[in-house]
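The task is simple: from the sequences and hints, build the whole structure.
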Amino acid sequence: MSKVLRFFGRLLRPNPVTVREMKARMRGPRAFALLGVYLAVLGLLTYLVYIRSGGGNSYSYGNPSQVTYGPTKSFEIGQNLFITIFMFLIFVMALVAPALTGGSISREVEGRTYELLLVTPINRRSLIFGKYLSALLYVFFLALAAIPVACVVFIFGGVEPQDILAGYAIVLISGAAYAAIGAFFSSLIRRTGPAILVSYVVIALLIMGSQLTSSSIVTAINGDTNRFPAGAIRPDPRIDPAFDFPKRILVFSPLASIGSVLTPNAPFRSNNTDDLQYFPASSLFGGNPNTYYRQGTGGQFAQNNALARMPILPNSWALWGAYVLIYSGIVALFLLLSIAVARPERSVRYFRLPFRKPRPYRRTKVATTSAVNQSSGG
Amino acid sequence: MSENLQPGEYPEERPVEQPTDQPTETVQEYEIPLSLQAIGLFKRYARRRDYALNDFNLSVPTGQIFGLIGANGAGKTTFLKVCSTILQPTAGDVYIEGYSVRKYPNEVRRLIGYMPDDFGLYDDMAVGEYLAFFAACYGLHGKKRTRLVNELLQLVDLADKKNDSLRTMSRGMKQRLCLAHALVHDPKVLLLDEPASGVDPRARYELRELLRELSRMGKTVVVSSHVLAELEEVCDSIAIVQQGKLVACGTTDEIANNFGGAAQRTVTVRVLTKLDLLRAEAATAEFMQVVKDSLVIDEATRRLEVDIMGDEASCADFLAYLTNAGVHVAQFGQKAIRLEEFFLREEAV
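Line order of the protein sequences matches chains Z and L.
So that you can map any letter, position 337 of the first sequence is 341 in the numbering used here, and since no number is skipped, the others follow by simple counting.
So that you can map any letter, position 49 of the second sequence is 422 in the numbering used here, and since no number is skipped, the others follow by simple counting.
It is worth saying that the hints were derived from the structure and are not from the lab.
Treat the hints with care, as some may be off.
Stated by the list, open to error - SDA-like cross-link-like pairs, simulated, lysine to any residue; straight-line CA separation at most 20 Å:
hint	chain 1	residue 1	chain 2	residue 2
1	Z	Lys27	L	Asp496
2	L	Lys517	Z	Pro18
3	L	Lys476	Z	Ala344
4	Z	Lys7	L	His514
5	L	Lys517	L	Asp496
What the hints assert, rightly or not - Counterexamples of contact, computed for chain L against chain Z with all Cβ distances above 12 Å:
hint	residue
6	Asn479
7	His514
8	Asp573
9	His599
10	Val664
Quick caveat, the model's predicted, so the values are computed rather than measured.
From the three backbone atoms N, C-alpha and C, an ideal C-beta is built for every residue, glycine too.
In structure tokens form, the structure reads like this:
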């Protein structure tokens with residue numbers, strides 16, 4: 005019984021590394037200044053999107069010269085704000101999380117405190133977990149501080165409370181993954197500046213790379229469709245299974261995942277490609293729906309929109325759900341890797357070719373006498 | 374054989390096969406309990422051909438202050454890092470209080486306090502917080518930890534600086550704080566790497582006193598330095614390390630006797646007149662135990678300096694010889710040749 009109690013007591017007792025890191029981070033005005041600036045920028049951005057979406061005007065939808073001119077659609081303001089706020093949060097995660105964990109091992113090595121910690125019972129694992137946890141808590145704190153702003157969308161509608169929860173799931177798991185990537189490169193490179201830089205590059209590839217790959221494949225398939233005779237029905241990218249693969253690649257993209265949260269509720273408009281705005285595989289590629297619609301307007305296939313909103317992943321997984329699952333795996337992978345490469349002695353074992361084995365020490369000249377101190381002075 | 378050892382057991386000195394009817398010579402037969410024992414230790418760094426530690430064997434009895442002397446790059450720091458489980462030995466093993474650093478690193482970490490040569494401090498912390506952090510790393514919490522931190526600060530004489538930022542500390546204070554951090558968990562063995570480097574003589578004196586105090590508390594202290602003079606007085610015994618090998622081990626006198634045959638001493642004589650100087654020169658040439666070509670004469674101050682083979686008695690003989698030769702000796706001094714000078718000379722040869 006007491007063993008069980010002790011086990012839970014140890015679980016509840018905070019890792020001393022975490023406590024130290026958090027104390028050090030919150031000391032001084034920097035952490036609070038960052039929070040203030042970040043919330044101010046988020047508020048300003050929200051306001052700009054609100055104005056741009058026609059907020060404050062009752063009859064401002066579109067342009068008076070267009071047929072789409074009509075009354076302001078409140079739910080669209082809400083959905084625009086939702087997309088804006090959560091994409092902003094993703095970018096904040098991508099900027100802040102690697103900067104916090106990018107020094108987890110390298111700063112100890114640079115500050116020559118790593119060896120002091122290694123000889124304590126704090127092993128590499130709890131050292132990295134401790135630092136990771138403290139960075140994560142601050143990053144989560146930043147994300148959750150935006151809840152009041154995020155809840156502004158409920159004034160306008162178009163977004164359900166569970167959508168906000170899904171958005172936060174995406175943002176928090178992204179932050180966790182970016183922090184893990186930062187921790188990994190910190191252990192691998194051992195210099196804070198380069199570690200943070202490389203983490204930024206990898207994260208940029210994760211955010212943009214999947215979208216670029218996906219849109220390239222879509223363009224390639226569309227190029228093939230030129231072989232169809234004029235007037236024949238071309239494959240509709242929204243429902244044609246040939247386009248499933250590029251859509252599935254988007255499971256790595258946090259921005260497409262945020263778009264996919266709203267997809268089931270996206271408004272159906274028969275004469276406007278705006279409908280595809282929240283569809284993960286269209287405007288989030290780079291904003292050009294013509295990638296999909298090589299001929300004519302979207303209206304031609306508008307009746308297929310309802311079908312197109314069906315999930316493209318197996319087992320009816322929503323894109324964002326699969327995203328959360330995959331990024332949990334990324335978190336675990338990079339944390340384990342960072343523990344593996346955080347050994348104090350940089351072994352060449354990871355990099356050495358298998359046939360280049362170290363020479364056995366017997367070949368070198370070994371002293372014949374060995375001085376063992378059997379007598380003692382005292 | 375040594376693979377089947379249980380924690381706390383001592384290993385065999387050498388895994389050699391011996392007839393069963395004869396008693397095997399094991400380390401357990403030593404009457405002196407050993408705190409630290411290195412057996413056949415080899416260490417080679419990755420991508421290096423030479424060995425930083427080459428068949429390094431060392432035994433440190435419990436409660437001693439043990440000095441490791443060697444030039445830079447001799448392998449002192451490598452040895453201490455292997456002992457403190459930071460580095461893995463390439464071959465061989467080190468036993469701290471009977472625990473192998475290879476097999477029981479966690480147990481070893483609780484037994485040792487390590488103070489690196491080149492250490493950093495968390496600049497964003499206060500002195501008390503720093504110690505409290507390391508105490509927390511060893512699982513100490515609450516009132517016990519507060520009391521311990523205060524006691525340690527008392528011990529290293531930093532009690533009045535408890536709330537000062539580490540950024541404002543001098544080098545000597547940092548050394549003392551680092552020593553205090555190594556004592557947080559009441560270790561049995563202290564491994565101190567160049568603790569006296571870069572501090573002023575007063576701080577060095579205080580450090581020596583501190584080491585003696587720790588030795589009185591029953592701790593084994595292994596301390597390294599590249600200057601023998603720093604350790605000569607405080608150490609019970611010393612070991613001299615050259616190119617990853619232990620070349621000499623024992624008390625200072627033992628080493629002086631075992632290596633270099635009879636010890637050498639330098640004698641300085643001041644005489645009254647110039648005539649005495651000439652007589653002294655002639656007498657020195659006749660005296661048997663004078664080291665050849667070691668005579669240096671300074672006519673301005675009427676001093677002569679000469680190396681004598683042998684101990685104090687030989688020097689006294691030399692004085693008597695001078696007096697018999699009619700030299701008026703105004704001042705007579707003698708000093709033992711520094712052991713490190715001797716080893717530096719050896720290295721050159």
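These are the hints, each one checked on the structure:
no.: 1; hint: Lys27/Z to Asp496/L; in the structure: holds (13 Å)
no.: 2; hint: Lys517/L to Pro18/Z; in the structure: holds (17 Å)
no.: 3; hint: Lys476/L to Ala344/Z; in the structure: holds (19 Å)
no.: 4; hint: Lys7/Z to His514/L; in the structure: holds (19 Å)
no.: 5; hint: Lys517/L to Asp496/L; in the structure: violated (25 Å)
no.: 6; hint: Asn479; in the structure: violated (6 Å)
no.: 7; hint: His514; in the structure: violated (7 Å)
no.: 8; hint: Asp573; in the structure: holds (22 Å)
no.: 9; hint: His599; in the structure: holds (19 Å)
no.: 10; hint: Val664; in the structure: holds (27 Å)
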